[in-house]
Amino acid sequence: MIDKRASSAAVAVAAVHDGATVMIGGFGEAGSPIELIHALIDHGARNLTVVTNNTGSGQVGLAALIANGQVGKMLCSYPRSANSTVFPELYRQGKIQLELVPQGTLAERIRAGGAGIPAFFTATSVGTVLAKGKEQRSFADRDYVMEYGLRADFALVKAEKADRHGNLIYNKTARNFGPIMCMAAATTIVQVKELVEAGGLDPEEIVTPGIFVNRVVVVPHPAQESQLVKEGRCYP
Amino acid sequence: MSAAKHHSGWNREEMARRVAADIPDGAYVNLGIGIPELVAQFVPAGREVIFQTENGLLGMGPAPTPGAEDPELINAGKKAVTALPGAAYFHHADSFAMIRGGHIDICVLGAMQVSAQGDLANWSTGESDAIPAVGGAMDLVAGVKQICIVTEHTTKTGEPKIVTACTYPLTGKAVVDRIYTNLAIIDVTADGLAVTALAPGVSFDDVQEKTGATLLDHTQHKPARQSLASVGENI
Numbered sequence: 002m003i004d005k006r007a008s009s010a011a012v013a014v015a016a017v018h019d020g021a022t023v024m025i026g027g028f029g030e031a032g033s034p035i036e037l038i039h040a041l042i043d044h045g046a047r048n049l050t051v052v053t054n055n056t057g058s059g060q061v062g063l064a065a066l067i068a069n070g071q072v073g074k075m076l077c078s079y080p081r082s083a084n085s086t087v088f089p090e091l092y093r094q095g096k097i098q099l100e101l102v103p104q105g106t107l108a109e110r111i112r113a114g115g116a117g118i119p120a121f122f123t124a125t126s127v128g129t130v131l132a133k134g135k136e137q138r139s140f141a142d143r144d145y146v147m148e149y150g151l152r153a154d155f156a157l158v159k160a161e162k163a164d165r166h167g168n169l170i171y172n173k174t175a176r177n178f179g180p181i182m183c184m185a186a187a188t189t190i191v192q193v194k195e196l197v198e199a200g201g202l203d204p205e206e207i208v209t210p211g212i213f214v215n216r217v218v219v220v221p222h223p224a225q226e227s228q229l230v231k232e233g234r235c236y237p
Numbered sequence: 757m758s759a760a761k762h763h764s765g766w767n768r769e770e771m772a773r774r775v776a777a778d779i780p781d782g783a784y785v786n787l788g789i790g791i792p793e794l795v796a797q798f799v800p801a802g803r804e805v806i807f808q809t810e811n812g813l814l815g816m817g818p819a820p821t822p823g824a825e826d827p828e829l830i831n832a833g834k835k836a837v838t839a840l841p842g843a844a845y846f847h848h849a850d851s852f853a854m855i856r857g858g859h860i861d862i863c864v865l866g867a868m869q870v871s872a873q874g875d876l877a878n879w880s881t882g883e884s885d886a887i888p889a890v891g892g893a894m895d896l897v898a899g900v901k902q903i904c905i906v907t908e909h910t911t912k913t914g915e916p917k918i919v920t921a922c923t924y925p926l927t928g929k930a931v932v933d934r935i936y937t938n939l940a941i942i943d944v945t946a947d948g949l950a951v952t953a954l955a956p957g958v959s960f961d962d963v964q965e966k967t968g969a970t971l972l973d974h975t976q977h978k979p980a981r982q983s984l985a986s987v988g989e990n991i
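So the sequence lines, in the order shown, correspond to chains A and B. Each number in the working numbering corresponds to the 1-based position in the first sequence with 1 added. Each number in the working numbering corresponds to the 1-based position in the second sequence with 756 added.
Do not rely on the hints blindly, as some may be mistaken.
As the list claims (entries may be wrong) - Rough simulated footprint, nothing fancy, chain A against chain B, three-plus residues with beta-carbon under 8 Å:
no., region
1, 817 to 830
2, 861 to 867
3, 881 to 890
4, 963 to 976
What the hints contain is simulated information worked out from the structure, not anything from laboratory work. Glycine included, every Cβ here is placed at the ideal spot set by N, Cα and C.
Go ahead and model the full structure; you've got the sequences and the hints to work with.
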């Protein structure tokens, strides 16, 4: 019988190894799987390459993972935001690498990776410093740069509801990178607020089919990053 | 008692209102952060304009009433917003397929510099200690049909933002169609930068003096400028 439920966030992230590439969902705090990230901090895997849109805020969640020295390299589109101090300090000290990727290119690289497409051409970044050193071709008199599909060893994603097959639905703009990251990782780990019986989700409304999901952890009342930052919380 | 302050030009709200006036009924529009965000509140009565935010919402509405904010319902600037009736949520690859696939009609962005050829610089000063952050800006200028810039005409220290060539790192080459500033509305044309409207109390010579590139005076042309939809059809 297929049953992707994991008993805890700690159990779900136990296989993450040193040097792994980990995709982490979220746009700012919306969709950031904060309990899974905290479990990864407890777990302690190091020298991670993290693929995610931002770099976290305060001293919790993604920012705490970076502050804990577990991340060697980040691939993201917007590594600074309000209350974001951890990444900028480490970056200026040369202690963390950054591959800056335009947001749409980041999304398409993840989607392509998940769909078995090794590379593609896009007009985004043509004529800018972010196209330097990249292969270029012209199609119908327009220039394009080649970008590579991205795959990961693990994806950590937050969704709203799942069933034991791993079928997922999301909440509002917290969906963001979740569905494509589920597709692009060898092992996808999802935290959800609610688990329902098989058949409890309308097949017409499922956003991520369970084939893209490996483990599901129920976190009924996830912490809100901005609230933790406001309270001055620090993890661990 | 101080003397009455001399007032000429448009303020931020008036600039946003001028942009909104040029957006046709039925347009799908993406708004950048800053003055562009103000455009949504000035859509003229009788027009339906659908706002997209690249983090995954089509049909974005205004900020919620205090206390009704939902941290999982935000815009690209990570501010709380609402979803209007008829709205849709989607993931990032779909969102940027809308943008990169040419499905969004108009994007309104801020600028650090715009060149006479329509090159845009709006993401980085290029300083060595700056944290580079590009977000979706390069995708928007590469894929949206018409790119409008709304910005103060000069920097806070009075340097021109409209220049012969950008000195800051580019967001995209030859991507800007129209510039709205506190002094004028300027179209990027094959012949060069054409002033199509002047703010109250501002002369063409005033605008030229504060601009780093040569301007054409099209203020007497009939019509001085086309609607944004027809500009796009010519591209």
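Structure-based check of all given hints:
no.	hint	result
1	817 to 830	holds (count 5)
2	861 to 867	violated (count 0)
3	881 to 890	holds (count 5)
4	963 to 976	violated (count 0)
When each numbered hint is compared with the structure, violations occur for hints 2 and 4.
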